[in-house]
Amino acid sequence: MNRTGIAARTYDATLGVMLDLVRKLVDCRELLYSLTIKEIKVRYKQSLLGIAWAVFMPVSMMLIFTFVFRRIAKVELEPLPGTGLPPSYAVFSYVGLLPWNLFSQSLTGAVNTLVTNRGLVAKVYFPREVFPLSKIFASFVDFLVASLVLVALMVWYHVPVQTTILWVPILLGIQLSFMLGCGLMLSMANLFYRDVQYIFQVAIQLWMFATSVAYPLPAEAAGPIAGPILRLNPMTPIIDGYRDAILYGRMPDLAASWGAWIVVGLVLWIGVLAFDRSQYLFAERM
Amino acid sequence: MSIPVRFDNVSKSFKTGESATALRDLIPSLVRRLRGADPDARKLFWALRDVSFEVAEGEVLGFVGRNGAGKSTTLKLVAGILRQNKGTVEVNGSLSALIEVGAGFHPDLTGRENIFMNGAVLGLSRRDIRARFDDIVAFAELEEFIDTPVKRYSSGMYMRLGFAVAVHVDPAILLIDEVLAVGDLAFRRKCLERVKLLRAAGKTILFVSHKMNDVRAICDRVMYVKDGLIHREGTALDVTREFEADMKRRSALEITGAPLSQRTDNAAVRVMHVEARDSSGAPVTELHSGQSLIIHAAIESDIELLDPILSVALLRSDNLRACCATTRVLGPRIPRVRGACTFEVEFDDLDLMDDFYAIETIVWNAEMNVPLAQHLNPTIRFIDERPPVNRPGVFHPAARFGAIEHGPDLES
Ligand SMILES: Nc1ncnc2c1ncn2[C@@H]1O[C@H](COP(=O)(O)OP(=O)(O)O)[C@@H](O)[C@H]1O
Ligand SMILES: [Mg+2]
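If you're matching them up, the sequences are chains H and L in order. Count the first sequence with my numbering and you get residues 1 to 286, in order. Count the second sequence with my numbering and you get residues 1 to 412, in order.
Okay, chain H solo, but in the shape it has when bound:
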């Protein structure tokens, strides 16, 4: 087939699916931009709080966590290297909540994006990856807005900015790759089996408590069965990495979590491949 024009090009995966994906996204950048803007507009049109919503979610969770895990559960935090005192729990949890919210919000959006956009999927052809991807981008905009609160918290609690903060983009890159793989798989699965989104809603809650969002979660402490499983969860080393880079001013120990990075690679590769191979079925399963 040889349709020309951005919207109607086909990709034959001769260069490998990953490179193909990049080509698709370059071809569809206008569309991706439009859909992302659409996501943001629709979200803010539908909620009264508007852009403040992006801040409200992580901040309110931070307040609840601070109350529960500091006042009631009295979680112990590792002391900061310079002072020997533990960091403020508010900053500690916010540094975890920020990437976690990006993760959970993107996937919550991605899981039913193909189904809610069935009008487009059934009527026009273009690479369908742009749907989950636009959800991720839209959540990323929220993430950037919510990051301003982190800046404010760091100023308030006198957290110095250190050179290790340069690790943040690398960690973000790993996280976005993992999100892309998960988002592609989930949106596709939910198109074929519509109850995936309900299962996902429960799973993402459990997942948060199996990740070091609200408390440090050393896998060694979890025992011989749960430990290895927790080690494979990429979100824990990612969030620990952000804390190392931002709060503790040290290099994240990426090598120690090699199992989790294999998971990231597999999820991304399988997600991209499976999505690419089955997207021609999407329109007829609507």
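Because the hints were derived from the structure by calculation, they are not lab data. A hint or two may mislead.
Stated by the list, open to error - Residues from chain H shown here face chain L by an in silico Cβ test under 10 Å; the list is partial: (1) Lys123; (2) Tyr193; (3) Val196.
What the hints assert, rightly or not - Cβ-Cβ distance ranges computed for the label pairs, FRET-style: (4) H:Phe56 x L:Asp134: 38 to 44 Å; (5) L:Pro28 x H:Ala221: 36 to 42 Å; (6) L:Pro28 x H:Ile204: 43 to 49 Å; (7) H:Leu63 x L:Asp147: 34 to 40 Å.
Claimed, not checked - List of simulated lysine-lysine pairs, DSSO-like, C-alpha gap at most 30 Å: (8) L:Lys15 x L:Lys43; (9) L:Lys196 x H:Lys41; (10) L:Lys86 x L:Lys190; (11) L:Lys151 x H:Lys45; (12) L:Lys196 x L:Lys211; (13) L:Lys211 x L:Lys190.
Backbone N, C-alpha and C fix where the C-beta goes; we use that ideal spot for every residue, glycine too.
Let chain H serve as the given structure and place chain L with the ligands on it in line with the hints.
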């Protein structure tokens, strides 16, 4: 120069029947499959079977056919929305598709935002869309509503916006599937004019419609799709006529197949047999408009009928009673009937419109208010080779136009 659209032995199947659309259904169905109880309850349904055709550059190809024939499936394969199971689909050139109503809009966004998104979907950059924005809005006649969310649009407004975007993105190939049906008459005209302009500009257009007049007006060539096959292919006039004839035959069959004809089977009075003949007396199933028709009928009565009235009517495929001959008006008076008998009625110079007509024969009581026996069969077709007329009426009158007498305006 490459061919814009080519289908080579293309087949497309769908799975019919319930599919597991939830994980909680998937597990039981997998278990059943493992136990061999229900290997695959779902059957394949072939929506297109070995279809081959080519569309030349600058050609307008029409598709006609009943619902479910496979027209939309064909267009969706061209658009790349579906993928064929067998064969090759070749498409060369930028493409814009209007498949059924509601061309890919997001209900929560305004008309303006949707134009930009739709334009991006069809492959335009924001700058391109901005340059065409005013034309699109003017064409759609939606100036007042352009900042209203499209979920508040009527289906006609929806279609206008979709059509306006699709024709303004300047595609090399345009697919139009039944979208014009929801627009009002004035807008449909405008769209057809636009399609003609695009045709004149050398665009390739695939056009699906149930409005045969539209198909005839714009298509160079038409394919009649039937049960996933190309049943017939030819000039717009020939193929649409054949399609219309088929449709009429179907509805005529549906009329004659109605329980009416069996209603008086066991009654004391029966219409045994009715035959249509031409003026030479030979049985016919088809006549040319203007020829004479003879109806020959056999009736039987177990009781003695006094002063019965006979009537023979022609019911057009749309159930219109085109004409009726009855002994009550035409005579002769029939004093009595008993046992078997036959009669004939001759219709002279029946100049009926091209259509199918079911012959309805009724034996009435003397007052002609109680039908004693009714019969609806056979069906006869009248073939009219004169050019088709927009608002045909029932029959061609024996009429003449006089010479035109011009008023003073033309003389000056
Ligand atoms: N996604 C689908 N799943 C199952 N069957 C389908 C699907 N799409 C179309 N069909 C079937 O394929 C046949 C052809 O449909 P279509 O091409 O839409 O017909 P039409 O000529 O009216 O446009 C129909 O019998 C329809 O039921
Ligand atoms: Mg159709």
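Find the hints from earlier in the document that the structure breaks and name them by number, from lowest to highest.
Violated hints (numbers, rising): 6, 9 and 10; every other hint is consistent with the structure.
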